[in-house]
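Listed below are the residues making up each chain.
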Amino acid sequence: MKVVEEYSQLLEIASRTGGGASALGDKDTVYMVVHANKIIGKNILPGVEIDAVETAEGIDAVITVTKGTIIEKPVHMCFGHLGHEGKQVIKSKMVIEDGARAEFLAHCIFPNAVEFLHAMEGEIQIGENASFAYREVHVHGREGKIKVRPKSKVVVGGNSSYIGDFTLVEGRVGDLDIEIEVEARGAHSHVDIRSKIYGKYDDICKIKDVILLNGEGSSALVKARVVLKDESKGSFLGLVDGAAAGARGHVDCTEVVQGRAVAEASPVVRASHPEAEVTHEAAIGRIADEKIEGLMAKGLSEEEAIEVIVSGLLR
Amino acid sequence: MIWGENKLKESLLYVDDITVMREEKEVLKDVSIKVLPGEITGILGRNGAGKSSLAYAVMGLPNYKPKKGAMYFRGQDITNWGITERARAGITLAWQHPARYEGISVAEYLKISSRKEIDVRKMEEALNLVQLESSYLSRKVDKSLSGGERKRIELASVYLMNSQLTILDEPDSGVDLLAMADIISLFRKMTENGRSVLIITHREDVASQCDRSYLMCSGEIVLEGTAEAVRRYFLSQCIPCPEHKDETGETQE
Numbered sequence: 001m002k003v004v005e006e007y008s009q010l011l012e013i014a015s016r017t018g019g020g021a022s023a024l025g026d027k028d029t030v031y032m033v034v035h036a037n038k039i040i041g042k043n044i045l046p047g048v049e050i051d052a053v054e055t056a057e058g059i060d061a062v063i064t065v066t067k068g069t070i071i072e073k074p075v076h077m078c079f080g081h082l083g084h085e086g087k088q089v090i091k092s093k094m095v096i097e098d099g100a101r102a103e104f105l106a107h108c109i110f111p112n113a114v115e116f117l118h119a120m121e122g123e124i125q126i127g128e129n130a131s132f133a134y135r136e137v138h139v140h141g142r143e144g145k146i147k148v149r150p151k152s153k154v155v156v157g158g159n160s161s162y163i164g165d166f167t168l169v170e171g172r173v174g175d176l177d178i179e180i181e182v183e184a185r186g187a188h189s190h191v192d193i194r195s196k197i198y199g200k201y202d203d204i205c206k207i208k209d210v211i212l213l214n215g216e217g218s219s220a221l222v223k224a225r226v227v228l229k230d231e232s233k234g235s236f237l238g239l240v241d242g243a244a245a246g247a248r249g250h251v252d253c254t255e256v257v258q259g260r261a262v263a264e265a266s267p268v269v270r271a272s273h274p275e276a277e278v279t280h281e282a283a284i285g286r287i288a289d290e291k292i293e294g295l296m297a298k299g300l301s302e303e304e305a306i307e308v309i310v311s312g313l314l315r
Numbered sequence: 001m002i003w004g005e006n007k008l009k010e011s012l013l014y015v016d017d018i019t020v021m022r023e024e025k026e027v028l029k030d031v032s033i034k035v036l037p038g039e040i041t042g043i044l045g046r047n048g049a050g051k052s053s054l055a056y057a058v059m060g061l062p063n064y065k066p067k068k069g070a071m072y073f074r075g076q077d078i079t080n081w082g083i084t085e086r087a088r089a090g091i092t093l094a095w096q097h098p099a100r101y102e103g104i105s106v107a108e109y110l111k112i113s114s115r116k117e118i119d120v121r122k123m124e125e126a127l128n129l130v131q132l133e134s135s136y137l138s139r140k141v142d143k144s145l146s147g148g149e150r151k152r153i154e155l156a157s158v159y160l161m162n163s164q165l166t167i168l169d170e171p172d173s174g175v176d177l178l179a180m181a182d183i184i185s186l187f188r189k190m191t192e193n194g195r196s197v198l199i200i201t202h203r204e205d206v207a208s209q210c211d212r213s214y215l216m217c218s219g220e221i222v223l224e225g226t227a228e229a230v231r232r233y234f235l236s237q238c239i240p241c242p243e244h245k246d247e248t249g250e251t252q253e
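Note that the protein sequences, when read in sequence, are chains A and B. Each residue of the first sequence is one higher than the one before, counting from 1 in the working numbering. Each residue of the second sequence is one higher than the one before, counting from 1 in the working numbering.
Bound conformation, chain B alone:
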């Protein structure tokens, strides 16, 4: 298939027609996306659209193994690779709700991310990017941190990983004190030297900052295009969509 081969060659990540089942339900249906080198790609959609499921499938979580289809990273078929193999190959994920680790300091957590010796200055620089002071290095990554603080540390952590592909699952949630300009600047830094970012978001203003976007609904990709085109379609068709109104008749957030 010439068309498919071209996509594979030009893409850093190429997800080819995958379907993922969870508890006998198709959470992803025939999904295909590509992420190009040096670009920010957005996956926009309402809650429950299947965006996070796509992130987990790309990261290789065992419960999100495709029933059909394949995934390629830098031209290699990674469909049957585990999480660790994918991470070591250059894929990482900043979780929407990052786990907490009792007894582990922020400095230790950031060192784990880098997988090699890292000096304090670099860790401070990463914290600075998410507007946290260097005093956080001695704090623990446990429940003493607020949700927003934990989220910022996760962003600093994936920044330090320097991965070829960083997946950010709802990166702005819980970090409302960070200005949109600062968030975008951080994402752009993650695309330096040909690295790429895949952003999962339900916010059209975040998606509008991407180089290209996909719109997801009910586990399917319903639109692919420029960020602006996808944003306009989302605002005109998805926000008023009656299928996404709750029992009170209010449109869901």
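Looking at chain A on its own, in the form it has when it is part of the complex:
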């Protein structure tokens, strides 16, 4: 397949994932498009530095948003592979310098993958008075069992915020094992981690979110919405450790189970400082009859009602 075809196919699929992905390819948008281990498109604007090299299995990249830079339009990262089998390993270090503000949208596109490994090893450093959002949306095919292994470590500076959003609702999940560890190191730093996963067939969905509230007055919200059907399995571990005065954290997990799927949730809250407060809520089970019957009384079939409820939950 020619590079131009790969590029246009990836962009076409990415444009369906929302978040203004149609801006991918625009001259006034920062973006990078990677197919397998090839960088097939890139646009850089002042205030953003991307130092990326192709490796045997993927790419290694250092991305910096320089001090005080405010990026109005989201930065788009498209990582994909159009083949049936293979491997893509993305290693990245992202540095958001003091006073910088940016939102990154990562489109991970594997529409034909059957025997495939997509691994991401990320390190994110956020300086003081900065804000960074990293939203990752996956598009997988309906066949096969792609292995997805995103691992990241994030350190958030004082008066800064980090939003991490992971969505995998289109196509099969495959075998997902996501791990994120965030240290809210600076005073009054804020962390917001959200995961939305829709497991089907015999998919495996493992989520592990660990947040360390080490900064005075730091705060965190960890929210997971997982829908499992058929024979899929899911487990969620959300740990928030309040280790500083005034630290506030909350873990909120809802897992909906249909068919013969199995769900497990472990919201772990730990307060290792007497002035910290960490709370949690978790609900696992089938969709309540009252919700389904409420929509059926408006003329929806049971299947349509479930579809509406699930689509709302996974937004």
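Don't take each hint at face value.
To be verified - One side only, chain B facing chain A, incomplete, derived with CB under 10 Å: (1) M59; (2) I91; (3) Y101; (4) I104; (5) V158.
As the list claims (entries may be wrong) - Under 10 Å between C-beta atoms, here's a sample of chain B residues computed to sit facing chain A: (6) T84; (7) E102; (8) S113; (9) E154.
No lab work stands behind these hints: they were computed from the structure. Even for Gly, the Cβ is constructed at its ideal location relative to N, Cα and C.
Knowing the structure of chain A, use the given hints to seat chain B on it.
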């Protein structure tokens, strides 16, 4: 049975002698009611009288399937129909405690109700009837809404459904900021063009606004008559009834 056939012919809904069991207890015993086209029919009774059970049985909830008796809607036997079939045939229910839906906006919820394309102007008009601003269209039908707000949206939703029969289960609860006159005006709008409303209520002032009423007690219909006659009987016999006093001797709300 000539008498029964006449009732069936003239009624939009005819509930014929149904008994419903829940956990080995009869929650409805030999209940018969009729709802006529273009009328507001009230079901009045104290808490636990079986009013909501009757609403659920008419809506077709699986756990409220009659052990005996039958239900007819527009002359058709709907006793074995499911919820969706009944809703598509023209019956809907505004729940006493409507469910909440994470991620679904009010606008989407109202569109679901209409089952077809609906313009913003109509949705705004429906919200206006329950005294909510159009800014609510972008709100979510989740726990961010108060009980009263959610209830009003449910009323707007069933209004937009334009069903032949709308069952309102305790429609005034939680919406105390709506004046009684506004509530009644909304119910009357729901009866335009021959449509009918069945109101479930424990308030005699709401029931008194109906065209006809039934009084329920312990799962049975104990009185049928004009709204005023039923209201007077309720005030004189049901409110002071010793069977409805709690352990402190106070009459239950």
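Outcome of the hint check:
1. Given hint, B/M59 at the interface with chain A, holds; its Cβ is 6 Å from that chain's nearest Cβ, closer than 10 Å.
2. Checking B/I91 against chain A by beta carbon gives a least distance of about 8 Å; that is within 10 Å, so the hint holds.
3. Taken as an interface hint, B/Y101 checks out: its beta carbon lies about 5 Å from the nearest beta carbon of chain A, inside 10 Å.
4. The beta carbon of B/I104 comes within 4 Å of a beta carbon in chain A, closer than 10 Å, and the hint placing it at the interface holds.
5. Checking B/V158 against chain A by beta carbon gives a least distance of about 8 Å; that is within 10 Å, so the hint holds.
6. A distance limit of 10 Å between C-beta atoms decides the matter here; for B/T84 the minimum to chain A is near 5 Å, and the interface restraint holds.
7. Because the smallest distance between the Cβ of B/E102 and any Cβ of chain A comes to about 5 Å, under 10 Å, the interface hint for this residue holds.
8. Because the closest C-beta pair between B/S113 and chain A is about 5 Å apart, less than 10 Å, the hint holds.
9. Satisfaction of the interface hint for B/E154 is found here, the shortest Cβ-Cβ separation to chain A being roughly 9 Å, below the 10 Å cut-off.
Violated hints for the displayed structure: none, as all numbered hints are satisfied.
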